[in-house]
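K.L.:
Respectively, the protein sequence lines represent chains A and B. The first sequence lines up with residues 1 to 244 when you count with the UniProt record's numbering. The second sequence lines up with residues 1 to 244 when you count with the UniProt record's numbering.
Fair warning: there could be bad hints in the mix.
A pair holds if it fits inside one copy or across any two, identical chains being indistinguishable in the list.
Pairs of lysine to any residue, SDA-like flavour, derived with a Cα cap of 25 Å [unchecked claim]:
hint: 1; residue 1: 74; residue 2: 124
hint: 2; residue 1: 74; residue 2: 116
hint: 3; residue 1: 113; residue 2: 179
hint: 4; residue 1: 85; residue 2: 234
hint: 5; residue 1: 178; residue 2: 115
hint: 6; residue 1: 145; residue 2: 172
Since the hints were made in silico from the structure, they are not lab data.
There are 2 protein chains.
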Amino acid sequence: MKNVKLTIAYDGTNYSGWQRQNNARTIQYEIEKALKKILKKDIAIHGSGRTDAGVHALGQAASFIEDFTLPTHKIPVVINNVLPKDIVINSAEEMDMDFHARYCAKGKKYIYKIYNDSIRNPIYRNYSWFINEDINLKKIIEASKYFIGQHDFKSFMAAGSNIKDTIRTIYSINIYRKDKFIIIEYEGNGFLYKMVRIITATLIDINFNKISIKDLEDIIKSKDRSKAGPTAPAQGLYLAEVYY
Amino acid sequence: MKNVKLTIAYDGTNYSGWQRQNNARTIQYEIEKALKKILKKDIAIHGSGRTDAGVHALGQAASFIEDFTLPTHKIPVVINNVLPKDIVINSAEEMDMDFHARYCAKGKKYIYKIYNDSIRNPIYRNYSWFINEDINLKKIIEASKYFIGQHDFKSFMAAGSNIKDTIRTIYSINIYRKDKFIIIEYEGNGFLYKMVRIITATLIDINFNKISIKDLEDIIKSKDRSKAGPTAPAQGLYLAEVYY
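Bound conformation, chain A alone:
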């Protein structure tokens, strides 16, 4: 038996997210179908976590245990010919048998992209959140500091998760302009359901004075989802890397 770790990039535009489900096209389903084609086995893969419909990945990770003859390092070149063009396996490595893409993940990096210009660019419509008003970078950078460190992020978790322990640590939030984009990079030991998108929308609410920076500590302490900002659109979010 081999325990294989896959590193995966995908354009989430045309999928109902990562997780296999009935009657919907998902990334996990497409990869399992392609693995069956090339390895002739029914294989269930375990992702590092789900991504929602429309969310992209530059470095999602998944693992599976199976017995097969194809040399593991040849999986990418073989499977990428079978997969839809919007899903790419970047690497396949053999791991120790106790490796598990979800349970062994030590942290993750997410990137959120805002396209900030006076006019909409159709090329980026599925790959960023379009905001055509001025964004005060200094202000949202100042606000972002309140999220860094270990906090109970319950106010920033969407309904629909059955997670009980809502304490997470954000190591860094890095915000910068690049051409007409505002890039927000989040690194942490884990993120709750839709947490990155809710923090992002909260930062934007702060920019537009819908939420005040001085209320942020209270919003975090309240553990009340209704106190935080809305949820930023899925298409601006990228799962950039999973740390092990």
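Given chain A, put chain B in place with the hints provided.
P.N.:
Only chain B this time, still in chain A's reference frame:
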């Protein structure tokens, strides 16, 4: 009557190019349909030129003459609510009555994007040409200089055009790396059918020693399409601007 100039951006991925045609979805058709909805008139627009299936535009231009009551500057905000999300009208201006988007065009700028990395990025699959081998920028920059100036570019025109005068002037070709992209910017007084894509593929053939730089002058002089390189993929090409 008003003579209106539209500036247009589009993602060409899901279209059979600019030009209206039977039984195919085109950019021109979608814009004319949307104009009919908002102005209640049958309107034929004239583009600065065609773009092929899969080719994008950041600044295509088109014009039409019509009598209508909506203030011209309000066209973008009204029509963008009616147009598909992958077509955006950026501006609408009233011009002198002798303006015509095609006949008055003095020059154009095209951008060609190559995604040059060891691994494919699914996010950019419809927006660049993926090349996973080393590209020697200095070499293709040197080669690009042979195209600058006034030449008969017949060797670089695809079949299917009925243009007789194949002399064009390229003002500049600007080549640089940006992140994992190689960007090639072309400015000229006009470009023949598929000329930018054929020159681009010729530069890449030179990179891979399929064509020698010292043969370039002869290839241009030959006026023989078969002597030049192939045609670079449509999805890397952007009509960036039309000069008047």
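K.L.:
Confirm or reject each hint.
P.N.:
The hints, checked one at a time:
In this homomeric assembly, residue 74 and residue 124 come within 25 Å of each other (Cα to Cα) only across copies, at 24 Å, whereas the closest approach inside a single copy is 33 Å. In this homomeric assembly, residue 74 and residue 116 come within 25 Å of each other (Cα to Cα) only across copies, at 22 Å, whereas the closest approach inside a single copy is 41 Å. Taking the closest pair of Cα atoms, residue 113 and residue 179 come within 25 Å of each other both inside a single copy (12 Å) and across two copies (16 Å). Taking CA atoms no more than 25 Å apart as the test, residue 85 paired with residue 234 passes in both settings, with 20 Å inside one copy and 16 Å between copies.
In this homomeric assembly, residue 178 and residue 115 come within 25 Å of each other (Cα to Cα) both inside a single copy, at 10 Å, and across copies, at 18 Å. Taking the shortest alpha-carbon separations for residue 145 and residue 172, only the intra-copy value of 8 Å comes in at or below 25 Å, while the best inter-copy value is 46 Å.
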